[in-house]
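**Student:** Build the full structure now, drawing on both the sequences and the hints.
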Amino acid sequence: MHTARPCTRLERYRLRRTLCGAALCAAASAAYGYTATLNPESPQTVYLQVGVGNFTNCYTCNPQGQPENDTTINSVSVSVAAAAVGNGVAQAMTTNSTATQSFWDNYVYCSVPGQLYIGGFYRTTGATTAAAQVIATVPTALTDTSGDTLPFSRIKWTSSGNGDTGGEPFPAGTFVNGGQQSVGSMASNTWNESCWTFSYSNTTVPPAGTYTGVVLYTMSAP
Amino acid sequence: MSALSRAGSAFFLAWVLSIIWPSGLQARTTAIDDSGSQALEPSVGMHWKSASPTRSSDGNLMVGTTTIRVRINVMPWLRRSGRIYLALPAQQPGPIELSWATQGRFLPGKLQSGNRVLVYSGPIASAFMEDTLRFQFTVNGALMRRAVPVTYHFEMDED
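As you go down the protein sequences, you meet chains D and B in turn. With the first letter of the first sequence counted as 1, position 198 gets the number 198 in this note's numbering; the numbers rise by one all the way through. With the first letter of the second sequence counted as 1, position 18 gets the number 18 in this note's numbering; the numbers rise by one all the way through.
Just so you know, the hints here were simulated from the structure itself, not pulled from any lab data. One or more of the hints may lead you astray.
Which residues of chain D face chain B? A few of them, derived with a C-beta cut under 8 Å, are [stated by the list, open to error]:
1. Tyr-34
2. Tyr-59
3. Pro-63
4. Thr-125
One side of the interface only, derived from the structure: several residues of chain D facing chain B at Cβ under 8 Å [unchecked claim]:
5. Ala-31
6. Pro-67
7. Ala-136
Bear in mind that the values here come from a model prediction, so they are computed numbers and not experimental data. Every residue gets a Cβ at the ideal spot worked out from N, C-alpha and C, and that includes glycine.
**Tutor:** Take a look at the structure:
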């Protein structure tokens, strides 16, 4: 290790003048081996994409992609024909999201407009940690301009992906009527993604109107 | 000389050679004083090799680069020949890969911790040998919970 300083120019001048001085200087500054300190810098990264997201390029592309911010808010909706309202037949919902490809490899993982992409990752150093959690904050109900309401629990989703196998990191579920609910988790240092297919249960006859509500998805890493 | 004495002489010569020969093959390895070397950065910032992880838990590598002005004292071997190695001992936090580029005085290369790689072979014509090396360390991110010191050194095998 380098614990002794190297000779300065003045010291080297003195070295030329006296052999004895040179010997002393060499003895004082000799070192064998070098120590570099490897310092993990900004090792933690989180990325969550619900609907449209943004990458400079895909992960397996050359050059490799970098995650970017994207402020797009996508919607999922359905228009129920008057004759079908409340008939108990679930109504498939569609999204305005155009996200079909995984930013991992550009593979067409989801199909639009029937599916909404959700995916991301959690980067951290050290041994595998507890999984990052994705939480949905759900309003009590969808409302129209007249103040009529529909419980959010009338909306549920299934989960899959083109060519997918195994369990989904973001599994099927049904919205709660107000509050926060877990919608999936991400093991550290892995890419996670699913495609959600939403449907409206259509079991009641609410007043005619356009009912809306906003769900906020939040990722929390340990 | 009789056949017996010739055989005895041959045996003696062979015996002497058998003693000398192995010691002639054993290159003496000596650590080289590199106190004149200077790091251009105080520490090596480690970043993810790829911004995103893979679908499995592999591809979890961190890389960091640093530049070292290497100046090693080879005066003890002046006007002799030798082989200079860069050695990266096995050490914490675990397997480390080190690769480097040079400006020509030494050979570029790559090695895993626990090994050494030749960076120069030939006559030692000056008391000091200098080069600027651009090092790249690669470590599994699972091992990089905090800053870790990594030690390497140069060593000489005398011909």
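**Student:** Check each numbered hint from earlier against the structure, then list the numbers of those it violates in ascending order.
**Tutor:** Violated hints: 3 and 7; rest satisfied.
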